[in-house]
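K.L.:
Read top to bottom, the protein sequences are chains A and B.
Using our numbering, the letters of the first sequence correspond one by one to residues 134 to 259.
Using our numbering, the letters of the second sequence correspond one by one to residues 5 to 393.
Hint data in this document are derived by calculation from the structure and do not stem from the laboratory.
Hints may contain errors.
Unchecked claim - Reference excerpt, derived from the structure (chain A facing chain B, CB under 8 Å, subset only): (1) Phe144; (2) Thr145; (3) Val150; (4) Gly168; (5) Asp169; (6) Ile170; (7) Lys172; (8) Lys188; (9) Thr189; (10) Phe190; (11) Gly191; (12) Gly193; (13) Ile196.
Stated by the list, open to error - Far from chain B, some chain A residues (derived; all Cβ distances over 12 Å): (14) Asn155; (15) Asn208; (16) Arg219; (17) Lys256.
Since the structure is predicted, the reported quantities are computational estimates derived from the model, not experimental observations.
Where a beta carbon is used, it is the ideal one built from N, C-alpha and C, also for glycine.
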Amino acid sequence: MSYSDKVIEHFTNPRNVGEIENPDGVGEVGNPVCGDIMKLFIKVENDHIVDVKFKTFGCGAAIATSSMITELVKNKTLEEAEKISRKTVADALDGLPKNKLHCSNLAADALHKAIEDYKKRKKSNA
Amino acid sequence: MRKVYLDHSATTPVHPEVLEAMLPYYKEKFGNPSSIHEYGKVAKVALEEAREKVAKLFNCSPYEIYFTSGGTESDNLAIKGVAFANKKKGKHIIISSVEHHAVLESCKFLKKEGYEITYLPVDQYGFVDPFDLKKNIKDDTILVSIMHVNNETGTIQPIEELVRIAKEKGVYFHTDAVQSAGKIPIDVGKLPVDLASISAHKIYGPKGVGAIYIRKGTRIIPLSHGGHHERSRRAGTENIPGIVGLGEAVEMVLKDMDKHNKHLKNLTETFFKKLKETVKDIQLNGHPEKRIPSTLNISFKGVEGESIILSLDMKGVAVASGSACTSGSLEPSHVLSAMRIEPAVAQSSIRFSFGRENVIDDVDYTLSVLPEIIERLRSMSPIYAQSKK
Ligand code: FES
Chain A
134 MSYSDKVIEH
144 FTNPRNVGEI
154 ENPDGVGEVG
164 NPVCGDIMKL
174 FIKVENDHIV
184 DVKFKTFGCG
194 AAIATSSMIT
204 ELVKNKTLEE
214 AEKISRKTVA
224 DALDGLPKNK
234 LHCSNLAADA
244 LHKAIEDYKK
254 RKKSNA
Chain B
5 MRKVYLDHSA
15 TTPVHPEVLE
25 AMLPYYKEKF
35 GNPSSIHEYG
45 KVAKVALEEA
55 REKVAKLFNC
65 SPYEIYFTSG
75 GTESDNLAIK
85 GVAFANKKKG
95 KHIIISSVEH
105 HAVLESCKFL
115 KKEGYEITYL
125 PVDQYGFVDP
135 FDLKKNIKDD
145 TILVSIMHVN
155 NETGTIQPIE
165 ELVRIAKEKG
175 VYFHTDAVQS
185 AGKIPIDVGK
195 LPVDLASISA
205 HKIYGPKGVG
215 AIYIRKGTRI
225 IPLSHGGHHE
235 RSRRAGTENI
245 PGIVGLGEAV
255 EMVLKDMDKH
265 NKHLKNLTET
275 FFKKLKETVK
285 DIQLNGHPEK
295 RIPSTLNISF
305 KGVEGESIIL
315 SLDMKGVAVA
325 SGSACTSGSL
335 EPSHVLSAMR
345 IEPAVAQSSI
355 RFSFGRENVI
365 DDVDYTLSVL
375 PEIIERLRSM
385 SPIYAQSKK
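If we strip away everything but chain A, and leave its shape as in the complex, we get:
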């Protein structure tokens, strides 16, 4: 099994690692297949994701997809971000090894959960 250069690059220098204080939305998911865990934090202004950070306990692919998804969603509208699927992430990384495809679920699911969380919070504040 071998990872693409892009995966290795993102694994070595992951973007946007950390937590956001007072986030507008948080998505936490555990991968039922392997037990890996990812937590994604977003800051939203005018329906745009203005900041995003992640923390991941997972394999190389999990860390790389986490990093990649933060790059993909930054400064996107919520609507655009919602369209990001696991395939978008995997493709942006020049693909993942077959047995590692499920790892990209983690990032996509965490993102969607964070957006959901944001919407829920907004509703209850309204």
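Given the coordinates of chain A, assemble chain B with the ligand onto it according to the supplied hints.
P.N.:
Chain B with the ligand alone, transformed into the frame defined by chain A:
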């Protein structure tokens, strides 16, 4: 960049002397041992000499040694060969829950064929309780298979008592000795197993060759049919260069076992001691003392194993994960789960397996890069941060 290989439980480099001994059998001594002419005779002599060398490992008769393509084939032959040959007596097999996949999958196959498999539980160290074995042997039990040294943890299973129980009840006992061969003595006089599997490439021999000890009188049928090779128990032209290599490797590891064990013990003990001083929240999996001196299985809390392997690899250090993420399957290691180690901790485990060519500088180098790696990964981990709060 310095390169440090710490994955000897996966495979070892072929020792130069072993390779040297093999080469003529690819070149001028290429004959087929079944041939009557001079070429054949030369190969036949080499085959039988290698058999004698391997017999010394078990302190058995050379006629009880059969060459195979490796540990997996030996395990398959032991499990299925005994199962098929003894099905009139019964169809019940007992194994431990920490066996190698070669044993596990052979049993899974047999289960589909109508055999009944009992998996014995293990304690936190991976030890089988002899009482459990005793309790589970029935009239139709034909085979017990329990591995000698666990490949993931390096823990030595005290099989003496287990063998005694099986023998008492007249049940065959097989042990996968792939990880113990050359590291601890396996004298079938004192440890009267009926079958034992070994592999050459774990003891500085070539890949693709192994052997099985089959006690005289054991009822077993072959899995491959053809010519009368290996006294009709394993058809197929013998891999003479490989077999010569196996014989040579066995001779070599037997000769200086104590010396190398001392060397390995020093390396692993130094490594673990210094590691504990520099990295907190680590845990040794397996038994702290009853282990082969080469292997350490360590969990780094809050960090997933594969990310450690990748990071170490970038620094030139080769290790393996105790978890199965790397081996293609994704569930945490069945061995660590059976030892009731929490999934997140099992997933954080790394196997460091040292070998005879490692030196103390390798320990120092690894320790010079590892703490930083763990710290970096922990800073990204949602569960490490949580456990600190
Ligand atoms: S193996 Fe679990 S996320 Fe990749």
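K.L.:
Look at each hint and say if it fits the structure.
P.N.:
Results of checking the hints against the structure:
no.	hint	in the structure
1	Phe144	6 Å, holds
2	Thr145	7 Å, holds
3	Val150	5 Å, holds
4	Gly168	5 Å, holds
5	Asp169	6 Å, holds
6	Ile170	6 Å, holds
7	Lys172	4 Å, holds
8	Lys188	4 Å, holds
9	Thr189	6 Å, holds
10	Phe190	5 Å, holds
11	Gly191	5 Å, holds
12	Gly193	5 Å, holds
13	Ile196	6 Å, holds
14	Asn155	17 Å, holds
15	Asn208	23 Å, holds
16	Arg219	16 Å, holds
17	Lys256	26 Å, holds
Every hint, counting from the list given before, is met by this structure.
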